[in-house]
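S.K.: Hints given; two lone chains; assemble the complex.
The listed protein sequences derive, respectively, from chains A and B. Using my numbering, read the first sequence as starting at 1 and increasing by one per residue. Using my numbering, read the second sequence as starting at 1 and increasing by one per residue.
Since the hints were derived computationally from the structure, they do not count as laboratory data. Any given hint could turn out to be false.
[As the list claims (entries may be wrong)] Covered by chain A, according to a simulated footprint, are these stretches of chain B (three or more residues, beta-carbon under 8 Å):
(1) 25-35
(2) 92-102
(3) 122-128
(4) 134-146
[To be verified] Reference listing, derived: stretches of chain B covered by chain A, where coverage requires no fewer than 3 residues with Cβ under 8 Å from a Cβ of chain A:
(5) 72-82
(6) 109-119
Ideal Cβ positions, reconstructed from N, Cα and C, are used throughout, including at glycine.
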Amino acid sequence: MEQSIDWVLVKEVISCFFILAGVVFMLIASIGLLRFPDFYIRMSAITKGSTLGLGLILLGMAIYFNQPGVLLKVLAIIGFTSITAPVAAHVIGRTAVQNRIPFWEKTDLEEFRAYLVKAHLEQHISHDKYLEEKAKKEKEMGDAAGDTV
Amino acid sequence: MKLLLLHIMLAAAVVYTYFQFPGARVPYTALSTTLLFAAVFLLFWLGSYFYRRSYFRKVPKLAYFIAFFLKELLVANLKIAYDIITPNYRLQPTVFALPLKASTDLEITLLANLIGLTPGTISLDVSDDRSTLYVHTLYLRHGDVEQLKLHIKNGFERRILELTA
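Here chain B stands alone, though its shape is the one from the complex (with noise of 0.2 Å):
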């Protein structure tokens, strides 16, 4: 985690100094800026190789995670604004319990944050002793809560717990 912050300031940094010198031959835009940092990144996370095995296979699961959430915002959004234009409602609102398998703070609110991120689900209360999270939300899968704790369980907890671990 700290590395990867690390990485993402070494690269600005080298970006930023490119751009300093008057002889350089790229043009000087948004586009171009993002995809010079990204061949930096690139460089500094294939060095990683070498020296920390753990945080060389993590980035890719975490680029893979932040396109998969992406995605079910989209998605997710897309379904609501269907069912607020058209008459009838598809709503199945219900509240269920999630139980955890996180257990630090940092986990726990990383899993809350996405979940209210997530449009139809807002996280409404922890229990006491954090072995469960109370989230109301407004489709089922395919009719079933299960379903959708699967999903929950394993879209979003499985991978902060990869990546945190």
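With the rest of the complex left out, here is chain A (with noise of 0.2 Å):
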């Protein structure tokens, strides 16, 4: 009896772990995105996420076509999207620091602390804290506008 394996069967398989691999990651980043706490666990969840899920895609779709070109293009963009989604990562978060965006209320600032006061940004740290002023800020503008109508 022949035994021949069919290789095009094999290499659709593999690539279709890949690609659903990378989905996987990618809606589960999502759901990370809506679900955490505070900005910056959920900046940390969305850009990893998303590029270990850009990546497995790119390289189960490498893996269909079989192609030297292909592969060549795919490794390429990887690599871009993997030295950039950092780099905007780190500004944005930086930003966000310097804009006093509040950490969650069982985020450990203990060796932050000489940094903020250094910046003078201390006084944004508590969530309630951000809210109420929010809150207040809000209820002033809400007066403002009804003085003028």
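M.R.: See below:
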């Protein structure tokens, strides 16, 4: 009996596995974006999850097409995304700290305190305080708008 | 570093020219091209034993570093994914100050980039005198900040310093 392995099928199964894994990672990262409690944690989840998801999907595509040109392009895309994604995350995180976006109340800021004091950013830390101030500001805005009307 | 780039380009050129000849026995697919490229690159690397010993030692370290990093990436991503799909958080978010041994722009950038690429950690800022890197992390190692610092210092920083030295 002739025993021959269907290589096209094997290739498709492997590429399917990669693409599905990538899609699942991206989906979970998106759910994390909705679920997590504060800005920094959400950003952590979405930037990393989508980088890995994109890499896996593209890798699956390269395996499916099985052409050197496609593989080279996929490697270039993965390389450039993984260089630029953390830079973007770093810049957004730094800007958030500078703009006093509050941390989650369970965040341990023990060692960060010195930096915040030095940069005169210490007053924003509590999440409740941030919400209180925001509500107050909105109320003032509402009052001002009420006066003009 | 320059030699590595040169070798990669040379190996790519060799593979490209090989497939230009009509009599090529190997099928023109991604797998065969990758294997051929790896073989040619391996030859170049072995050749460097005779004229650049430090480069000869660094290439396996680089390969090991990439493998270690991919493992970190996958494990940490699975950890976050598990936390997202189960109802309770196991998060212990912490901002800690990582004392830097790396001093040049390239080393600090590489370290911050790798920390940013590992799930769960984001580099927030570098202090003005470049002695500390402030890192936001989601998980601690065995509930201890010092353990995590040691892990980053031994896993990432030491290897980066070895490679760029």
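S.K.: Quick check: the region 134-146 of chain B, covered by chain A? Criterion 3+ residues, Cβ under 8 Å.
M.R.: With 4 residues closer than 8 Å to chain A, the region 134-146 of chain B meets the three-residue bar; holds.
S.K.: Count residues of the region 109-119 of chain B with a Cβ under 8 Å from any Cβ of chain A, then say if the count reaches three.
M.R.: Coverage by chain A holds for the region 109-119 of chain B (8 residues, Cβ < 8 Å).
S.K.: Just to make sure I understand the rule, a stretch counts as covered if three or more of its residues have a C-beta closer than 8 Å to a C-beta of the chain. Does the region 92-102 of chain B meet that for chain A?
M.R.: holds (count 6)
S.K.: Quick one: see if chain A covers the region 25-35 of chain B, three-plus residues with Cβ-Cβ under 8 Å.
M.R.: That given contact holds, which follows from 6 residues of the region 25-35 of chain B lying within Cβ reach (below 8 Å) of chain A.
S.K.: Under a C-beta cut-off of less than 8 Å, do 3 or more residues of the region 122-128 of chain B approach chain A closely enough to confirm the stated coverage?
M.R.: holds (count 5)
S.K.: Tell me whether the statement that chain A covers the region 72-82 of chain B is true, taking a Cβ distance below 8 Å and needing three residues at minimum.
M.R.: holds (count 6)
Of the hints listed earlier, there is not a single one the structure fails to meet.
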